[in-house]
Amino acid sequence: MEEDFQPEYGPKWSDQRVERLLGALVLGVVALLLALIVVVFVHGWPSFSHNGLAWFGPGGNVEEELAQISQSAETGAGYIYTFHAWPLIWSTILIAGGSVVLGLIAALFISVFLVEFAPSWMRAILTPVVRFLASIPSVIYGLLGVLVLVPFIGNHLISEHQKASVAGIISLTGYSLMAAIVVLTIMIAPLMVSIFTDALNSVKPGWLEGSLALGVNRWRTIWKIGVRAARPAIVAGTVLALARAIGESVMLAMLSGSTAFAPNPIDGLIFIFEPSRPLAPTIVKSSDQLSSPPASATLFAIASFLLFSAAVFSLIGWLTRRSMNKYLAR
Amino acid sequence: MRIKTLAITAMAVLAFAAPATAGAQTLIGSGSVAAQPVLQALFKAYEKQNKGIHFTYTPDGGNAGIKDVQTGTSQFAGQARTPLPSDAGTTYIKLYLDGLCMDVNPANKIKNISIESLHNIYRGIETNWSQVGGSNLTTTIDPVGRDTNGGTYTFFLQAVLNNELPASNVNALTADGLVVNAVKQDPNAIGYAGLAWQKKGITPVKVNGIACEAKNVSVEPLKYPLSRYIFLVLPTENASPAVQKFATWARSNAEAGEIINKAGGVAAFNKKAKK
Numbered sequence: 000m001e002e003d004f005q006p007e008y009g010p011k012w013s014d015q016r017v018e019r020l021l022g023a024l025v026l027g028v029v030a031l032l033l034a035l036i037v038v039v040f041v042h043g044w045p046s047f048s049h050n051g052l053a054w055f056g057p058g059g060n061v062e063e064e065l066a067q068i069s070q071s072a073e074t075g076a077g078y079i080y081t082f083h084a085w086p087l088i089w090s091t092i093l094i095a096g097g098s099v100v101l102g103l104i105a106a107l108f109i110s111v112f113l114v115e116f117a118p119s120w121m122r123a124i125l126t127p128v129v130r131f132l133a134s135i136p137s138v139i140y141g142l143l144g145v146l147v148l149v150p151f152i153g154n155h156l157i158s159e160h161q162k163a164s165v166a167g168i169i170s171l172t173g174y175s176l177m178a179a180i181v182v183l184t185i186m187i188a189p190l191m192v193s194i195f196t197d198a199l200n201s202v203k204p205g206w207l208e209g210s211l212a213l214g215v216n217r218w219r220t221i222w223k224i225g226v227r228a229a230r231p232a233i234v235a236g237t238v239l240a241l242a243r244a245i246g247e248s249v250m251l252a253m254l255s256g257s258t259a260f261a262p263n264p265i266d267g268l269i270f271i272f273e274p275s276r277p278l279a280p281t282i283v284k285s286s287d288q289l290s291s292p293p294a295s296a297t298l299f300a301i302a303s304f305l306l307f308s309a310a311v312f313s314l315i316g317w318l319t320r321r322s323m324n325k326y327l328a329r
Numbered sequence: 000m001r002i003k004t005l006a007i008t009a010m011a012v013l014a015f016a017a018p019a020t021a022g023a024q025t026l027i028g029s030g031s032v033a034a035q036p037v038l039q040a041l042f043k044a045y046e047k048q049n050k051g052i053h054f055t056y057t058p059d060g061g062n063a064g065i066k067d068v069q070t071g072t073s074q075f076a077g078q079a080r081t082p083l084p085s086d087a088g089t090t091y092i093k094l095y096l097d098g099l100c101m102d103v104n105p106a107n108k109i110k111n112i113s114i115e116s117l118h119n120i121y122r123g124i125e126t127n128w129s130q131v132g133g134s135n136l137t138t139t140i141d142p143v144g145r146d147t148n149g150g151t152y153t154f155f156l157q158a159v160l161n162n163e164l165p166a167s168n169v170n171a172l173t174a175d176g177l178v179v180n181a182v183k184q185d186p187n188a189i190g191y192a193g194l195a196w197q198k199k200g201i202t203p204v205k206v207n208g209i210a211c212e213a214k215n216v217s218v219e220p221l222k223y224p225l226s227r228y229i230f231l232v233l234p235t236e237n238a239s240p241a242v243q244k245f246a247t248w249a250r251s252n253a254e255a256g257e258i259i260n261k262a263g264g265v266a267a268f269n270k271k272a273k274k
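Respectively, the protein sequence lines represent chains A and B. The opening position of the first sequence corresponds to residue 0 in numbering that gives the first Met the number 0, with each subsequent residue numbered one higher. The opening position of the second sequence corresponds to residue 0 in numbering that gives the first Met the number 0, with each subsequent residue numbered one higher.
This is chain A alone, in the form it adopts within the complex (with noise of 0.2 Å):
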């Protein structure tokens, strides 16, 4: 370091403040990040070493697992752990997966239409109002499920026939797979289709026009030409909806049905009016059983889990985003 200069407000020192200050920050992050995860794997660990992978599996009744464990705390006779949590990861894997298939096909047609087809005037109307739609908090869409899609289901598409077939094991109300779908699906469309418009008018120009000039017609040329050479992004946007719908809990405590049941495709059509529970909702809603040991352990096992599988989910989306950018010339 040179003694003799210091300007005082020299572009030297501000350039180095802001360099250390921010690369402070970014540490800072990163460090915090960090020791979430391990703060939150360590809790969680008492409950997979006990379970081990059967933890993963099916088997028993979440609710009575859920209640031994929390009650084993003040017995004095040794912490339960025993816990299957299939019924709830299988509940996600349906909701979420669910949502994002519906979400992908429905938010790439409407950013198409926005890009290549809608007058102007509606791209002006529409693009602002998308963007507000993505950010409206979940819960407002959990209120809109509980009065208005909830009894509609419950009331006029369930029939008596179909309640009385599963009567005693579980209540068809409407609180169910297609609810808690629907409405996960309103809720994460308007984000991939802001960040998939955004990618199609970033698509050099040169390549749409090229297309056009040899004569293939515009639906042709932005399918095989936009649409291909946005994939990345519609790669990144789909795991951030992806990872939306994993987390999403408050709605989901609201709409899906709150039995740790798992609905099966087996049972026909009537497996889409099945009450299920997610893993999100699940740390929602046995908040208050913290306090005991082993529950808390089951809770933060399976918030372990749910960042595993955000993680993995980014880790997929970054290896095919960076197999797709050859498409690109950057």
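Everything hinted at is true.
Per the computed footprint, the stretches of chain A lying under chain B, defined by three or more beta-carbons under 8 Å from a beta-carbon of chain B, are:
#, region
1, 53 to 65
2, 151 to 160
3, 172 to 186
4, 250 to 257
Simulated restraints on C-beta separations:
#, chain 1, residue 1, chain 2, residue 2, range
5, B, Asn161, A, Ala310, 43 to 51 Å
6, A, Leu306, B, Gly88, 29 to 37 Å
7, B, Thr81, A, Ala34, 40 to 48 Å
8, A, Glu73, B, Asn161, 15 to 23 Å
Read the hints as simulated data drawn from the structure, not as lab findings. Glycine included, every Cβ here is placed at the ideal spot set by N, Cα and C.
Position chain B relative to chain A; hints supplied.
Coordinates of chain B only, in the frame set by chain A:
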């Protein structure tokens, strides 16, 4: 320059925030959703009489409220069930009486239901209204209840289910208001909610022949079978004197008794108002 602006802004923000805290005391509570309507009415009257005292109450469920008191997050909790061994370090104060009403949709003409039938419905043994008797419906029952965060859930478990867990066909919702809403919107539903929640759109049913009305709610002698005390729960050690003062007022003051009755509770200990 910019640092100066920042400092001025910070001071301005502090100056705006200051009047809210100066001389005022905020009492933080959480817990029972069932007690919320009555507690809010009591808070409002007490705040009017005692300038400088302010309440915040988070209705996160009675069982969750107890944990808040144990961890020190809350200075007091509302609770709708009797003490359990897990409530160590807390003191229960009986505040007023409440009845847990069994509600059905107005489309259901059932007038009376026995505790035994309720047990069977919530254990998944009786699943059709024709099995219960007295109902005009022949459809599948949709039982609705609270999730484990609710003190109301625990009270129902103790009073109706003999501490057995509800069956998997019981839809467990996160708040009493959602239970009421579910019953309102589903002709086949049955649910439970406190006296204060009895409003248009749901019909309270007699339990063991006794109507869920304020005049029948008492614990000694027991008339209405789902009668209960609503408690104010304080930490056993170092309880806030201001909260204790409020508890005494709410339990004994004649005006507080009227407020409790008007808000849907049943005053148990308050002096009678002079007529």
